[in-house]
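As a plain string of letters, each chain reads:
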Amino acid sequence: MGCAEDYSAAELMAVFLSRDLRDGEMAHLGANQPVPRAAVLLAHLTHAPNMKVSQSLTLANLIDVPRPVPYSEFFTDWRRARWAESYRLGHEVFADVKRFADFFFLGGIQIDRFGNVNLIGTGTDYRRLDFRGPGSGAAAMASTFCPRYYLVAGDHNKRLLVDKVDFISAFGFGDGGREARNALGLPGGGPKYLVTPLCVMDFEPETKRMRLASLHPGVALEQVLENTSFDPVLPENIPTTAAPTSEELAVLRGRIDPQGTLRRG
Amino acid sequence: MQHPRRREVIVSEAQAASWITDGMTIAIGGLLSSSHPMALIRQIIRQGVKGLTVLAGSAGLELDLLIAAGCVDKVAVSLMTGEAVVAVGPMFRAAAQSGRLQVWEAEESIYAAGLQAAALGLPFMPCRAGVGTSLPRINPDLKEFRDPIKGEPLLAVPALRADVAILHADRSDPYGNVQHEGTGFGDRALFRAADKVIVQVEKIVTNEEIRRRPEATSIPGADAVVRAPLGAHPGSCPGRYLEDLAHMKEYADAAKEAGGKGNDGKLASYLERYVLGITNHLEYLDVIGAGRLLSLQEF
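Quick note, the sequences are listed as chains A and B, same order.
Using my numbering, read the first sequence as starting at 1 and increasing by one per residue.
Using my numbering, read the second sequence as starting at 1 and increasing by one per residue.
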C-alpha cells in the first residue's frame with residue numbers, strides 16, 4: 001500500500017481513529033464532529049461493512065447508499081436522517097443503555113490527565129463561573145455505559161489539557177488507579193485514547209494516567225510537553241502515528257469529505 | 001335529540017400562550033437547532049411573561065432568545081448550544097455567569113429520568129449516569145444514594161414536572177391528534193411529564209388523514225393546537241425545511257454584543273424587528289420573506 005505524503009492533522013486523526021473501529025459495531029455521532037464522522041464513515045466503507053451509525057436520532061447502515069451523509073453544522077440536519085433504517089426517540093435512547101453504542105467520541109472545554117472531561121464551565125464557584133460551557137449533553141450516560149470511547153481534541157493546548165478539570169461531566173478514571181471505575185459501579189470501559197492534532201495518548205494500565213502513545217509525523221516531543229499542563233507518562237520508545245495510506249485518503253477525499261472540511265484550518 | 005359534537009382544540013397563538021403566566025414551569029420541545037415551537041415562544045415574549053422556569057433539555061437558540069427577552073429565572077438544561085453558529089448561547093452564558101439565571105444542571109439521561117419520574121407519578125427515578133461526576137455537587141436536587149437491592153451508588157433524580165409543555169410538530173387534526181415527521185426527538189416524554197400540552201403544527205389536516213396512519217400519532221391528545229406553518233424558523237423542521245443559518249447568525253451576533261460587551265442595541269433591534277414589533281406569526285413570516293423561506297425548503 002502506498003503512503004500518502006500530504007495530508008492534514010484532521011485527516012490523520014480521522015484515519016487513526018478509523019483503524020480502531022471494528023466491523024459490526026454501532027457508532028454514535030454527536031453534534032458538529034467532523035473528525036469522528038470521517039473516522040466512522042472511513043471504517044464503515046473500508047473494513048466495517050456491518051457497522052450501524054447512530055446520528056440525528058436515527059440508525060442506519062450506510063455501506064450501499066449512493067452518497068454518504070454530508071458533513072453538516074447541525075446535529076438535527078434532516079439530510080443526516082436521509083438513510084435512516086430506524087428512528088431513535090429521544091427518551092428511548094436512555095431506556096436501552098446497553099445498545100446506546102459500542103463507542104462514541106467526546107470533546108470538552110477541559111480534559112485532565114485521568115481522562116475526565118468538563119463541559120460545564122471553568123472557575124471555582126459554580127454560581128459564578130469564569131466561563132460557562134455548553135453543558136454535559138449525554139456525556140455522563142455515554143461515558144458510564146459505553147464499552148469504550150475516544151477523546152478528540154480540535155486543538156492541543158494547556159487550557160484544554162489540564163492537570164485536573166474544574167468540573168466533571170464525564171468520569172474517565174477519576175483520581176486514577178485500575179479500580180477507579182469499578183469502585184463506582186460504572187460498567188463502561190472508560191476512555192481508550194485521546195487524539196489531538198499533535199499526538200495520541202492512551203492510559204497506563206495501573207495508574208490510568210495519560211501516556212503518550214504516538215507522536216504524529218513531524219511533531220517533536222517538546223511540542224507536546226510545552227502544550228500540555230500535566231506530564232504524560234512517557235514510554236521508552238515513542239512510536240510515530242502511522243500515516244494515512246493513499247487508499248485511505250482516496251476514500252476519505254473522494255466519498256466522505258469531498259468538501260474538504262478536514263483540510264481547512 | 002341533537003347529536004353531540006366533538007370538541008375542536010385549535011386556537012390562536014395568543015390564546016394558547018395566554019395559558020402561560022408569570023412564574024410557571026414550562027417544557028420546550030425540539031432538540032438543539034430543530035423543531036422548537038418558535039411561534040409560541042415569540043408570542044410568550046410579546047405577552048411579557050416573567051419568572052419562568054424552563055425545562056429545556058438539549059436546547060438551542062430558542063432558549064437564548066427567551067433569556068434575552070427577560071422571561072426566564074431558572075432553567076433545567078443538559079446542553080445549550082447554537083452548534084456551528086455559536087458554541088454556547090451568548091445570553092445564557094452571560095446570565096449564568098453573572099448568577100442572574102439559576103441553572104438546574106442536568107445531562108440528557110438525567111433530564112430523561114426526571115421527566116420519566118413525573119410521567120410515572122414518582123418522586124424520583126434512580127439513575128446511574130452522573131455517578132462520579134460533579135453533577136450532584138453543583139445540582140443539590142440530585143441526591144446520591146445506595147440502592148437498597150445491591151447497595152450500588154446511584155443518583156436519585158427528582159421528578160421534572162411542567163405546568164405546560166409547548167411543542168412543534170408536523171400536523172394535527174382539529175381534535176389534537178398530533179403526528180411528527182421524523183423521530184419527534186424527546187417530545188413524547190415532555191407530553192407525559194406536563195399537565196397540559198400545546199402543540200403548534202405545520203399543517204392542520206383532517207381527522208381522516210390521521211386515521212390513515214394511526215401508528216404515526218405521537219401526541220394522542222394535545223390540549224391546544226396552533227396553526228404555525230414554518231413555525232420552527234429559524235430552526236429546522238424534519239421533512240419540511242432546514243435551519244436558517246444566516247438568520248441564526250444574525251441573532252447570535254446581536255446576542256454576543258449584548259452578552260459579551262453589554263451593548264444591547266443590536267439585540268433590542270432584533271427583538272423589535274422579529275418579535276415585539278409584530279403581532280402574530282404570519283406577520284413574522286412576512287418579515288422574513290417568501291424568498292428566504294422557500295429557499296430553506298429545497299435540500
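Please keep in mind that the hints were generated in silico from the structure rather than gathered at the bench.
The beta carbon of each residue, even a glycine, is placed where N, CA and C say it ideally should be.
Any given hint could be a false lead.
Claimed, not checked - Covered stretches of chain B (in silico footprint by chain A; criterion: 3 or more residues with CB under 8 Å from a CB of chain A, positions within the stretch not fixed): (1) 31-38; (2) 87-95; (3) 165-175; (4) 183-192; (5) 219-227; (6) 242-251; (7) 254-260.
Hints, one by one, checked against the model:
no., hint, verdict
1, 31-38, "holds (count 5)"
2, 87-95, "holds (count 4)"
3, 165-175, "violated (count 0)"
4, 183-192, "holds (count 7)"
5, 219-227, "violated (count 0)"
6, 242-251, "holds (count 3)"
7, 254-260, "violated (count 0)"
Hint violations for this structure: numbers 3, 5 and 7, all remaining hints satisfied.
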